[in-house]
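J.: For chain A, the structure is supplied; the task is to place chain B on it using the hints.
There are 2 protein chains.
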Amino acid sequence: MARELWRKAAIVGIAQSGFSKNIGRSERSLAVEVVRNALAEAGLAPEDVDGLVRFDLENTTEAEIARNLGIPNLRFFAEVGYGGGGGCATLSLAAMAVESGRAEVVVCWRARNRGSGGRPWAGTRMEVGGDQQWYIPWGLVRPVDQIAMLAARHMHEFGTTSEQFGAVAVAFRKHAQRNPHAMMRDPMTIEDHQNSRMISEPLRKFDCCLETDGALAVVVTTPERARNLKQRPVAILGAAQGMGPDHVVMANYHKERFLETPSLFAAREVYAQAGVEPRDIDCAQWYDAFTPLVILSLEEYGFCKPGEGGPFSENGRLEWPDGALPSNTSGGGLSEAYVHGFNLILEGVRQMRGTSTCQVEDAELCLVTSGGGVPTSAAILART
Amino acid sequence: MARELWRKAAIVGIAQSGFSKNIGRSERSLAVEVVRNALAEAGLAPEDVDGLVRFDLENTTEAEIARNLGIPNLRFFAEVGYGGGGGCATLSLAAMAVESGRAEVVVCWRARNRGSGGRPWAGTRMEVGGDQQWYIPWGLVRPVDQIAMLAARHMHEFGTTSEQFGAVAVAFRKHAQRNPHAMMRDPMTIEDHQNSRMISEPLRKFDCCLETDGALAVVVTTPERARNLKQRPVAILGAAQGMGPDHVVMANYHKERFLETPSLFAAREVYAQAGVEPRDIDCAQWYDAFTPLVILSLEEYGFCKPGEGGPFSENGRLEWPDGALPSNTSGGGLSEAYVHGFNLILEGVRQMRGTSTCQVEDAELCLVTSGGGVPTSAAILART
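Here the protein sequences line up with chains A and B, keeping their order. Start counting the first sequence at 717; every next residue gets the next number (the numbering used here). Start counting the second sequence at 717; every next residue gets the next number (the numbering used here).
Honestly, the hints are just simulated from the structure, not real lab data. Predicted, not measured: the structure shown is a model, and the values here were computed from it. Fair warning: there could be bad hints in the mix.
Each computed EDC-like pair below joins lysine to aspartate or glutamate, with the alpha-carbon atoms no more than 16 Å apart [as the list claims (entries may be wrong)]:
id, chain 1, residue 1, chain 2, residue 2
1, A, Lys971, B, Glu780
2, A, Lys724, B, Glu815
3, A, Lys921, A, Glu879
4, A, Lys1021, A, Glu993
5, B, Lys724, A, Glu815
6, B, Lys737, B, Glu927
7, A, Lys1021, A, Glu873
8, A, Lys921, A, Asp861
9, B, Lys971, A, Glu780
Pulled out of the complex, with its shape left as it was, chain A reads as follows (with noise of 0.2 Å):
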């Protein structure tokens, strides 16, 4: 498909709350501040907002954000589940809702508490339906350990060390240590990582993502409405979702293909929606719960064959600037902030406009990816 085809909406406003383990404020203040101020950087007002979009999570919904920022009405409202899958959906939904008319201005965002608020796992008991009554009584209690599962597997097939998991970690910590709204910003090399304790083995803390309170927004529109507005507009050339086929969330490991994740499809889609291919992309924001997520999305996502994740993360590949494939340029989940991946969207905004802390030269494409334990979706933005 042409890439013109697709450059039918674009990002016009950004907005982000600090983050931190606990920011002392609700959700939903931070949800109506962030939405607020990415439309305020695009140079518009709530009374330009039709549409909104959230994840199904969000504890804040639509009505609340659009009565207290007196959105006139909202032509446009739609949710996506599946946690940290869900970041570029929202993209995608903004996306159609503009494209269709059925809207024109969306606003996407994301709030979480999740630095200073509860762990279901943390009791003694917990209630387990539907899915989960198969793999959480068995000891896959944590997303760490779901996840784990997959990291020994790849080490069991491909010989992928722990090692190679701490260069995607330390790459990324190099990046957060130049932006100042990284909550992890202290040098970071292998021999920490390896030094950090076991967490779920074969992951160590260092592989494991922050935990934190904070909120983002961005704002969608039409392109030729973003051409007026106050920012410099990022086109969103692809913004697709993937599940594949026997999915079970989050232990994804009851069919044949063990190490195949729903972020396979998710690549076949968004490069076909931009017509473009793994070797356009200037840089990347990987979805980083977990070390072993970056690696196995650096496969499916075609910059290396399916195994090879592992090596193709060392020597300093991922790293700004100059490795083959600058990724997770704020520090990505692992050292900049955990929002459900919502943060990865900004960066990739930033990467587009020319402004992240950690600027790829000449940039012109850039991956963002939602979380492959789980149904996700990705986006392909492009500078205008």
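T.: Frame of chain A; chain B shown alone:
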């Protein structure tokens, strides 16, 4: 907007379970069954599906449906909130996906065991948060209490009578008598309505919808694909959402225009999309969780002036075959089944296929609405 511009998506298959107070099966099993059966009715198989859309209240996820039916990959999945406001919004999302190429065959469904399920207000204690804290502790506990406020205000402002509410219930019951799938088929008179017990003043038992276990699904695809399937396609001429200003879900009273509901805003959009006016509509399927919602909708969808919904509903105007606007021709939520208004969509499809048990002669356009006490949606279906 020209009508042809919006004739971009079609409904090609429908299916429903039986309706009962206690169906004796899980919602998940019902959901899988109706999705499969709607595909079969269309002449499609699970392998053809690449999109699913659901209510956010749905207890079964897209991943569970996909895995249990063997759908190889979902390229599109999304949700909409606000309970009974979401019915036609699922059609809008499916149509957008199809129009934009995000997916080609999208199934929308609703499976809900409300007849046998719990009622959150039935205990002596309930926990409320969010906006509910502002009205539930003051006695607006059940949906019937919340809508009774609108009913009482309509009576106060316009002299609307309980007998006019009754005329709605009597008309829809008349239609249910011809529908073998309707739960309530005993004849009903205005006197029966007046003698039914008060549930929440001014609303009587027969002003209230049923509590039903049941499930329904519709299949949406492109007009091109629709042409070669088993059923006569039904065009989605318009499918739109609306919220309006200062909205409080189920307690939308804190505004200057007390009786203005989100329906007014969905109406504006859906007519604009379809390029038609109220006088072009041949029959309507009104969201009828409570009779006064129909009277409000008659006004907000432009079939009479504000305040005149009560008199409009009298003299058989809503009755098939001789009324000016045959409405809820399957019996609706009041007498067929209450499955969050999703059964209204299926009856709209039957009218446009020419297969209703109260078939409106030569009907070309059917309006279907979703709940107006919440952020809502509406669709205009067209015969092809």
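J.: Next step is simple, just say for each hint if it's right about the structure.
T.: How the hints compare with the structure:
At most 16 Å may separate the alpha-carbon atoms for a hinted pair to count; lysine 971 of chain A and glutamate 780 of chain B meet this at roughly 14 Å. Straight-line distance between C-alpha atoms of lysine 724 of chain A and glutamate 815 of chain B comes to about 13 Å, which keeps the hinted pair within the 16 Å bound. Of the pairs offered as hints, the one joining lysine 921 of chain A and glutamate 879 of chain A holds, with about 13 Å between alpha carbons and a cut-off of 16 Å not exceeded. Taking the CA atoms of lysine 1021 of chain A and glutamate 993 of chain A, the gap is about 14 Å. The hint holds against a cut of 16 Å.
Restraint check for lysine 724 of chain B and glutamate 815 of chain A: satisfied, since their Cα atoms lie roughly 13 Å apart, inside the 16 Å limit. Straight-line distance between C-alpha atoms of lysine 737 of chain B and glutamate 927 of chain B comes to about 7 Å, which keeps the hinted pair within the 16 Å bound. Annotation: proposed proximity of lysine 1021 of chain A to glutamate 873 of chain A holds, straight-line Cα distance about 13 Å (limit 16 Å). Annotation: proposed proximity of lysine 921 of chain A to aspartate 861 of chain A holds, straight-line Cα distance about 12 Å (limit 16 Å).
The suggested pairing of lysine 971 of chain B with glutamate 780 of chain A holds, with an alpha-carbon distance near 14 Å, which does not exceed 16 Å.
The structure meets every hint from the earlier list without exception.
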